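A.B. asks: One letter stands for each residue in the lines below.
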Amino acid sequence: MKDKEKLSAYIDNELSAHDKFNINKLIEKDERLKKEVENLKILKDAIYSLPEVQVSEDFEKKLLYKITEDKMSYQKASFWDAFLFRPNIKKIAYTVATMAFVAGATFIFFKNINNNVDNFVMEENKSTVPVILSHQGESNIAASLVKIDLLNGTFTVIKGNDEKSYAIDKMYEYFPKLVKDVSWYIKEKKNQPELANKMLAEYNISNDEENQPKIYTKPSKVIPVDNGQ
Amino acid sequence: MISNQVVEIDKESDEYMMLAFQRGDERAFELLVKRYKNKILNYIYRYTGDYSSSEEITQEVFIRVYRSKERYEIKAKFNTFIYRIAMNLAYNEVRNRNRRKTEATDNFFFLQDKSTPESLFIREEISENINKEISKLPAKLKDVVILCNIQEMSYKEASDVLDISVGTVQSRLSRARKILRKNLSMVLNLDGE
Chain A
1 MKDKEKLSAY
11 IDNELSAHDK
21 FNINKLIEKD
31 ERLKKEVENL
41 KILKDAIYSL
51 PEVQVSEDFE
61 KKLLYKITED
71 KMSYQKASFW
81 DAFLFRPNIK
91 KIAYTVATMA
101 FVAGATFIFF
111 KNINNNVDNF
121 VMEENKSTVP
131 VILSHQGESN
141 IAASLVKIDL
151 LNGTFTVIKG
161 NDEKSYAIDK
171 MYEYFPKLVK
181 DVSWYIKEKK
191 NQPELANKML
201 AEYNISNDEE
211 NQPKIYTKPS
221 KVIPVDNGQ
Chain B
1 MISNQVVEID
11 KESDEYMMLA
21 FQRGDERAFE
31 LLVKRYKNKI
41 LNYIYRYTGD
51 YSSSEEITQE
61 VFIRVYRSKE
71 RYEIKAKFNT
81 FIYRIAMNLA
91 YNEVRNRNRR
101 KTEATDNFFF
111 LQDKSTPESL
121 FIREEISENI
131 NKEISKLPAK
141 LKDVVILCNI
151 QEMSYKEASD
161 VLDISVGTVQ
171 SRLSRARKIL
181 RKNLSMVLNL
191 DGE
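Protein sequence lines, in the order shown, are assigned to chains A and B. Okay, so the first sequence: first residue is 1 according to the numbering used here, each after it adds one. Okay, so the second sequence: first residue is 1 according to the numbering used here, each after it adds one.
In case anyone wonders, no lab produced these hints; they're calculated from the structure. Since the model is a prediction, treat every value here as computed from it, not as a measurement. The C-beta atom is built at its ideal place from N, Cα and C for all residues, glycine as well. Incorrect hints may appear among the rest.
What the hints assert, rightly or not - For lysine to aspartate or glutamate, the following EDC-like pairs were computed, each having C-alpha atoms within a straight-line distance of at most 16 Å: (1) A:Lys61 / B:Asp14; (2) B:Lys37 / A:Asp19; (3) B:Lys37 / A:Glu52; (4) A:Lys34 / B:Glu152; (5) A:Lys71 / B:Glu26; (6) A:Lys66 / B:Glu93; (7) A:Lys34 / A:Glu5; (8) B:Lys39 / B:Asp191; (9) B:Lys69 / B:Glu26; (10) A:Lys66 / B:Glu26; (11) B:Lys39 / B:Asp14; (12) B:Lys182 / A:Asp19; (13) A:Lys41 / A:Glu57; (14) B:Lys37 / B:Asp14; (15) B:Lys34 / A:Glu57; (16) B:Lys69 / B:Glu152; (17) A:Lys61 / B:Glu133; (18) A:Lys71 / B:Glu152; (19) A:Lys62 / B:Glu60; (20) B:Lys75 / B:Glu152; (21) B:Lys37 / A:Glu5.
Said to hold, decoys possible - Derived DEER-like restraints, expressed as beta-carbon distance ranges: (22) A:Met72 / B:Arg27: 51 to 57 Å; (23) A:Ile108 / B:Asn88: 27 to 33 Å; (24) B:Arg23 / A:Tyr48: 44 to 50 Å; (25) A:Glu69 / B:Glu70: 15 to 21 Å; (26) B:Arg27 / A:Arg32: 35 to 41 Å.
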């Protein structure tokens with residue numbers, strides 16, 4: 001460290017005994033260095049003698065007021081912190097939140113299903129749903145698409161035998177499982193009408209011995225588009 | 001120079017008072033406020049140059065000491081602890097003021113001075129110049145001047161507060177004095193360079 005830098009520490013009495021001894025020797029020999037030490041002392045005293053400021057008379061009173069205010073707001077905060085972050089409360093809060101989430105999700109799920117059914121009915125002229133009806137002709141089974149008017153209890157044939165593939169496609173759109181079964185049956189088991197009757201009976205739909213489609217039983221329930229699998 | 005060399009934990013020490021305060025003795029805190037209120041005010045005032053905000057900040061320092069009593073550990077000297085809080089708040093104040101770009105006011109309250117009006121005027125002139133030059137110093141140099149030259153801390157104490165080595169305190173103080181000596185040579189009638 002340079003000697004000039006040490007002079008500042010020298011006037012603060014912060015030098016080691018060895019450094020102090022050396023600086024003392026230098027000062028004795030060098031008038032300029034001695035003058036420099038004197039200047040630094042003047043500067044140090046001038047800075048130290050800067051007038052002090054004092055706190056106002058009501059400093060402690062104001063401080064006490066602020067601390068009381070601070071304590072009150074802290075206590076309010078710590079009550080809620082303690083309540084919300086206590087381990088048991090935390091567990092309970094998590095459980096309640098999870099249950100609420102599951103309940104909410106379930107509600108929304110079923111509401112959507114109902115909406116789908118409702119929307120479905122609405123789309124089909126408000127009061128109608130399409131169902132597949134099958135009938136047995138001479139030696140085969142055909143499927144027909146009909147519209148069932150739920151309000152009036154009437155049925156309208158949309159597609160008959162000659163357009164059964166269209167009818168099946170259309171029904172697949174609405175009742176995938178039913179159509180899957182029927183189309184499988186039509187392709188693979190068309191010469192076994194007793195199996196067709198059994199399968200159709202599962203859907204509460206009957207067929208007759210005549211060539212024209214005829215309804216014997218109303219479908220027992222509406223199967224929504226998205227949930228018919 | 002009188003230096004603060006109290007290290008032992010005696011019943012009058014700041015550290016003992018802080019421990020008593022931790023145990024719930026509010027009077028110990030009041031005593032610490034009495035001991036430090038003007039020291040902290042002066043430290044902050046030298047830093048910010050604004051009396052009214054300095055008093056507000058000093059109150060905030062004590063509020064923080066009050067809040068953090070549980071965190072205080074006996075291994076740290078109390079004055080290191082409180083000056084660090086004060087230093088951080090003073091830094092923030094200066095930084096915020098620079099952002100707001102407002103001028104500091106100088107309406108502080110001096111100690112009662114029994115001098116004549118003339119000598120008082122001269123002293124005020126000199127003080128104003130010194131204050132101005134100190135405030136112009138870079139923050140790192142200003143820190144050591146305030147702590148060592150105004151607050152009478154030893155280099156070791158200042159190094160603890162500023163979290164730097166004793167050697168760094170020594171060199172920064174030397175640099176600061178070199179600048180001040182040059183800029184105040186006319187005001188203080190200092191000879192030569």
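A.B. asks: Would you mind marking each hint as holding or not holding in the structure?
C.D. replies: Checked hints:
1. A:Lys61 / B:Asp14: 22 Å, violated
2. B:Lys37 / A:Asp19: 37 Å, violated
3. B:Lys37 / A:Glu52: 12 Å, holds
4. A:Lys34 / B:Glu152: 24 Å, violated
5. A:Lys71 / B:Glu26: Holds. Lys71 of chain A to Glu26 of chain B sits at ~13 Å (cutoff 16 Å).
6. A:Lys66 / B:Glu93: Distance ~19 Å between Lys66 of chain A and Glu93 of chain B Cα, so the pair is violated.
7. A:Lys34 / A:Glu5: Roughly 14 Å separates the two Cα atoms, so the pair holds.
8. B:Lys39 / B:Asp191: 32 Å, violated
9. B:Lys69 / B:Glu26: OK: Lys69 of chain B and Glu26 of chain B at ~11 Å, within 16 Å.
10. A:Lys66 / B:Glu26: 15 Å, holds
11. B:Lys39 / B:Asp14: Roughly 14 Å separates the two Cα atoms, so the pair holds.
12. B:Lys182 / A:Asp19: 25 Å, violated
13. A:Lys41 / A:Glu57: Judged against 16 Å, a Cα distance of about 34 Å means the pair is violated.
14. B:Lys37 / B:Asp14: Cα-Cα ~13 Å, so holds.
15. B:Lys34 / A:Glu57: Holds - the C-alpha atoms of Glu57 of chain A and Lys34 of chain B are around 12 Å apart, at most 16 Å.
16. B:Lys69 / B:Glu152: With Cα atoms ~25 Å apart, Lys69 of chain B and Glu152 of chain B exceed 16 Å; violated.
17. A:Lys61 / B:Glu133: The hint is violated at about 35 Å.
18. A:Lys71 / B:Glu152: 34 Å, violated
19. A:Lys62 / B:Glu60: OK: Lys62 of chain A and Glu60 of chain B at ~11 Å, within 16 Å.
20. B:Lys75 / B:Glu152: 22 Å, violated
21. B:Lys37 / A:Glu5: 33 Å, violated
22. A:Met72 / B:Arg27: 51 to 57 Å: 21 Å, violated
23. A:Ile108 / B:Asn88: 27 to 33 Å: 51 Å, violated
24. B:Arg23 / A:Tyr48: 44 to 50 Å: Given a distance of about 37 Å, which is not inside 44 to 50 Å, the answer is violated.
25. A:Glu69 / B:Glu70: 15 to 21 Å: 20 Å, holds
26. B:Arg27 / A:Arg32: 35 to 41 Å: 55 Å, violated
Figure legend: structure checked against the earlier numbered hints; hints not met, in rising order: 1, 2, 4, 6, 8, 12, 13, 16, 17, 18, 20, 21, 22, 23, 24 and 26.
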